[in-house]
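S.K.: Here's the letter readout for the chains.
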Amino acid sequence: MAAIELRNIVKTFSDPKRGRELLTLDHIDLDIEANDFVCLLGPSGCGKSTLLNIVAGFEHPTSGVARVDGRIIDRPGSDRGVVFQQPTLMPWLTVIDNVAFHLRLKGVPKHERRARAREFIELVGLTGFEHHHPSELSGGMNQRVGIARALLMNPRVILMDEPFAALDAQTKLEMQEELVAIWQRHRCTIIFVTHSVDEALVLGNKIVIMTRRPGRIRDCVDFDMPRPRDITSPAFNDTKRHVLRLIREESTRIVHVS
Amino acid sequence: MTSVTETAAVRSRPRAGFSLSGFERLIVPALVIAGWELFARSGYLPVSLLPAPSAVLHALADWVIGLDETTQSYSGHWHRDALASALRVFAGFGLASVVGILAGVGIGWSRLIEKGLEPTLQMLRPIPPVSWIPLAIIWFGIADKPAIFLVFLGAFFPVLMNAIHGAKTVDRNLVRAGAMMGASQRQLLTSIVFPAALPSIFAGLRIAIGSAWMLTVTAEMVAVKSGLGYVLWDSYYFLRYDIVIAAMISIGLLGYLSDLGIKAIMGRVLRWQLGMTVQGN
Numbered sequence: 012m013a014a015i016e017l018r019n020i021v022k023t024f025s026d027p028k029r030g031r032e033l034l035t036l037d038h039i040d041l042d043i044e045a046n047d048f049v050c051l052l053g054p055s056g057c058g059k060s061t062l063l064n065i066v067a068g069f070e071h072p073t074s075g076v077a078r079v080d081g082r083i084i085d086r087p088g089s090d091r092g093v094v095f096q097q098p099t100l101m102p103w104l105t106v107i108d109n110v111a112f113h114l115r116l117k118g119v120p121k122h123e124r125r126a127r128a129r130e131f132i133e134l135v136g137l138t139g140f141e142h143h144h145p146s147e148l149s150g151g152m153n154q155r156v157g158i159a160r161a162l163l164m165n166p167r168v169i170l171m172d173e174p175f176a177a178l179d180a181q182t183k184l185e186m187q188e189e190l191v192a193i194w195q196r197h198r199c200t201i202i203f204v205t206h207s208v209d210e211a212l213v214l215g216n217k218i219v220i221m222t223r224r225p226g227r228i229r230d231c232v233d234f235d236m237p238r239p240r241d242i243t244s245p246a247f248n249d250t251k252r253h254v255l256r257l258i259r260e261e262s263t264r265i266v267h268v269s
Numbered sequence: 119m120t121s122v123t124e125t126a127a128v129r130s131r132p133r134a135g136f137s138l139s140g141f142e143r144l145i146v147p148a149l150v151i152a153g154w155e156l157f158a159r160s161g162y163l164p165v166s167l168l169p170a171p172s173a174v175l176h177a178l179a180d181w182v183i184g185l186d187e188t189t190q191s192y193s194g195h196w197h198r199d200a201l202a203s204a205l206r207v208f209a210g211f212g213l214a215s216v217v218g219i220l221a222g223v224g225i226g227w228s229r230l231i232e233k234g235l236e237p238t239l240q241m242l243r244p245i246p247p248v249s250w251i252p253l254a255i256i257w258f259g260i261a262d263k264p265a266i267f268l269v270f271l272g273a274f275f276p277v278l279m280n281a282i283h284g285a286k287t288v289d290r291n292l293v294r295a296g297a298m299m300g301a302s303q304r305q306l307l308t309s310i311v312f313p314a315a316l317p318s319i320f321a322g323l324r325i326a327i328g329s330a331w332m333l334t335v336t337a338e339m340v341a342v343k344s345g346l347g348y349v350l351w352d353s354y355y356f357l358r359y360d361i362v363i364a365a366m367i368s369i370g371l372l373g374y375l376s377d378l379g380i381k382a383i384m385g386r387v388l389r390w391q392l393g394m395t396v397q398g399n
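Sequences listed follow chains S and V, in order.
Heads up: the first sequence begins at 12 in my numbering, then just goes up one per residue.
Heads up: the second sequence begins at 119 in my numbering, then just goes up one per residue.
Bound conformation, chain V alone (with noise of 0.2 Å):
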């Protein structure tokens, strides 16, 4: 009898341990919330300079689901342009994944590949992103396609720069090991470098998910007609700081969101890493 109370109350322990934490986790977003609204409210600054959380929910909620067209004509067409977003980013984003790994094992592995390309690109490293804008846009027109290019040179470098370091720090022995058991060049790249990258290959696809959702705002901004970014900078031109934030608020979801699956997919595949770090306890 005892010890079946005694088990129970093990198992409930990391439970309770749990909702605690989860509701620390609230109390701190809660108060600022509580005094933006407050803040807002007190007239200190004219109401359409500052638009209280309400307000925002509001609009935000106009624009999801079409309340009162308070949005105007985004009423109701969030999705659209959520999708609009994130299509660009999974493709300009999963382009550089590719590219990015390839190029970064290849890098890592092969003094030959290091020495014909590293330098090139490592010169077209430190140009921002952003300042390519004029000639995509002469090279691509105003649409998706931009965009696309944008996400690709700002996701690019962090999974390139995360895979050459993955690849260039692989266990000398764990090489040997496979080079002993009759691996060929080939199999020692993709059953011994590659896996054993694979940690180092994912901090740089947490690291480019972040950086595609800033391009694809920026992108949106300046050569595109469409998406959340759009969505933002148009509500700027009409004063509608209210839309303007609740697109703020979107694209921090979705980054997030976006963020949360890749990381899944690294529990997944880095399953073997349980036990090895804290984190995985």
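Next comes chain S alone, as it looks inside the complex (with noise of 0.2 Å):
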């Protein structure tokens, strides 16, 4: 049984300014397998996001069904950790308390959730700012935060939304090979949204390239490159260079209907 599935996920908007519905994601079909890093890739308004929120929870579909680990998804949940594009923190909450924050709703007592918090403080590198707030801290640091406080609650499946797109490329190629890294020690899956091909291809093992709206799958790309992974290697430009084709077929397809 496959970790994530996606049966027929249809999901339309209502645009009730033009008295419409928006068709979003037109039948989606799609199996995770449990550790595996998927990469959704797709153009901006593909509802690459939005499917990512209806397996977060966040979002229903118009029709069809999503399931994790057998059970269908009708709210969110710490199975799921979600790391948003912008760090989404509480921005009245200490670094540590951030991390922390699931195991305080559960009730679990302060001196033992911040030692848990500490782990996975040091585990994105954030050791000695635990007493900072996230107004003085750096949007890749904070980026950090967010994804130390998805991984805390442990949870199955991670769920990234873009969550680098807003930092500067160096800063970029570090969380890479961070997130690898901790995906590699921590055996969990990952569906990991973006829109660059290069981003996709250095992080995942699979890519699903997804259509202009509305959404569809185009494709499914395996891609089991060793890591690290040598961005210059032949083998690397040869899946760059197929997934790229897929892509411009894609839009040249559609310039030809339209």
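Hints may be right or wrong, so weigh each one.
Distance ranges between label pairs, derived from CB positions [claimed, not checked]:
(1) S:GLU133 <-> V:LYS286: 35 to 41 Å
(2) V:LYS381 <-> S:ASN165: 54 to 60 Å
(3) S:SER146 <-> V:PHE157: 25 to 31 Å
Mimicking BS3-like on lysine-lysine, the simulated pairs with C-alpha atoms at most 25 Å apart in a straight line are [as the list claims (entries may be wrong)]:
(4) V:LYS233 <-> V:LYS286
(5) S:LYS28 <-> V:LYS233
(6) V:LYS381 <-> S:LYS28
A few chain V residues that face chain S, going by a derived Cβ cut-off under 8 Å, partial list only [said to hold, decoys possible]:
(7) PRO171
(8) VAL216
(9) ASN291
(10) LEU292
(11) ALA297
(12) GLY300
(13) ALA301
(14) ILE310
(15) ARG386
(16) TRP390
Think of the hints as simulated: they come from the structure by calculation, not from any bench.
The structure presented is a predicted model; accordingly, all values stated were derived computationally and were not measured.
Beta carbons: idealized from backbone N, C-alpha and C, even for Gly.
With the hints as a guide, bring the two chains together.
M.R.: Here is the structure:
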């Protein structure tokens, strides 16, 4: 049984201003195995974030079913950790309390939850910043707090919605490497939304290419290149060429139709 | 050696800037008071109509510590009058804060509560609190209660409106993050919506404390026989404008101090905002 099953997912949004329905996701079928690192790759507005939000439980499909470990997803839950595009930390809490927020909700005593939080703060390299507020940290550091917060719940699945999009190139490279290291150590399933072919190929072992709106799955590319991946190697570039061709075919097809 | 001098110079700079701005702040009030004193002594208006600042200060001093009984029966009784007003302010304001925050966060968070409560409250809101005076007197008589009732009405709506605004404009993604971490509806409300609405709630509390003083004084002029407002109105009947102005100054001062108090609490509670806003620097 796949860790995440998406069956015939259709999502429409109503557009009351124009009095019509907007088809965002058009019959998505996807199986994600446990411990996969899946990158959802597609242009802006293709519905990849909507798909992620359905798995997170923030949105409900108009029709079709989404399951995690065989259970139908009907609400958000701590079995699915989400890392948002913006860090989305509680600005009134310090780093350590943000990371430990899940434990506070569960009523874990303070010293215990702080000890647990420290482990994960160390994991993302923020030791020494436990008592800073998010407003005192850079975007990259806050995004690490967001990752630590998601990891602490020990979720089966981590959902990431372009978490590095707002970071500079260098920080982004560092974070990507760290994320891969964390994934290798923690053995969890990751769904990572991105519009960057390079990012998808650096991170994923399965690249799901989506079409323009309405979002459909164009293709799935398995990519088992060993890590750390050399982004200048022939093997990397061959796959990149293949993925780019799939994307280009997709956009020319649209041009011909229109 | 040089480095020590440099550090000292750097450290002293902000302090010098502060004392300078402190001095600048006093220029305008000093000029206003000096001009007023001169104008009052020029004899252009009868002394009884426009008392000089020195006369007002004299009346205020006598009222506070009892010098020569120029304020007659009020001499030395300032603390009693101020306390009477302050207690009404804090009773009404405290009540309004609790009810206003609870109702406001509820309305801002839940559609059901919004539909149930908001139309009624919004219809009551445009009615000036002062227009409740007749009903307040026949319901509560002449004493503390009608004053507290009026203060409540005046302070409630600013707190309510700002709490609604604060709860409504909470970042939806923060709520999602909370739900993702397994928060129940109740936990979302207490652990996310309420703290996120606090900056807005404090803005409401600061407006409300001003309204609270305004309404205490108004109520004391009509419906109560004690407090700074009562002294003010009573002195008007006896043509003692020096005491009227002394009462005005007392009200202004106490209002200012209560606002400072709320600001101090706000500074502690919203310490996390430091560095987020220009004000924080």
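S.K.: The structure should be examined with respect to each hint, and the outcome stated for every one.
M.R.: Okay, the hints, checked on the actual structure:
1. With their beta carbons about 38 Å apart, S:GLU133 and V:LYS286 fall inside the hinted range of 35 to 41 Å.
2. At about 43 Å, the CB distance of V:LYS381 to S:ASN165 disagrees with the hint of 54 to 60 Å.
3. Taking 25 to 31 Å as the suggested C-beta distance range, the pair S:SER146 and V:PHE157 does not conform, at roughly 51 Å.
4. Using a Cα cut-off of 25 Å, the hinted pair V:LYS233 and V:LYS286 holds, with the two alpha carbons roughly 14 Å apart.
5. Our distance criterion of 25 Å between C-alpha atoms is met by S:LYS28 and V:LYS233, whose separation comes to about 24 Å.
6. This hinted pair does not check out: V:LYS381 and S:LYS28 have alpha carbons roughly 44 Å apart, beyond 25 Å.
7. Taken as an interface hint, V:PRO171 does not check out: its beta carbon lies about 46 Å from the nearest beta carbon of chain S, beyond 8 Å.
8. Look at V:VAL216: its Cβ only gets to about 21 Å from chain S, farther than 8 Å, so that hint breaks.
9. About 5 Å separates the beta-carbon of V:ASN291 from the nearest beta-carbon of chain S, less than 8 Å, and the hint is met.
10. With a least beta-carbon distance of about 6 Å to chain S, the hint placing V:LEU292 at the interface is held under the 8 Å criterion.
11. At a threshold of 8 Å, the smallest CB-CB gap from V:ALA297 to chain S is about 4 Å, leaving the interface hint in force.
12. The closest approach between the C-beta of V:GLY300 and any C-beta of chain S is roughly 4 Å, which is under the 8 Å cut-off, so the hint is satisfied.
13. For V:ALA301, the interface hint holds, since its Cβ comes within 8 Å of a Cβ in chain S; the closest pair sits about 5 Å apart.
14. For the restraint placing V:ILE310 at the interface with chain S, the shortest Cβ-Cβ distance is roughly 7 Å, inside the 8 Å limit, so the hint holds.
15. With 8 Å as the threshold, the beta carbon of V:ARG386 stays out of range of chain S, its nearest partner Cβ sitting at about 12 Å, so the hint is violated.
16. For V:TRP390, the interface hint holds, since its Cβ comes within 8 Å of a Cβ in chain S; the closest pair sits about 4 Å apart.
Checked against the numbered hints above, the structure breaks hints 2, 3, 6, 7, 8, 15 and satisfies the rest.
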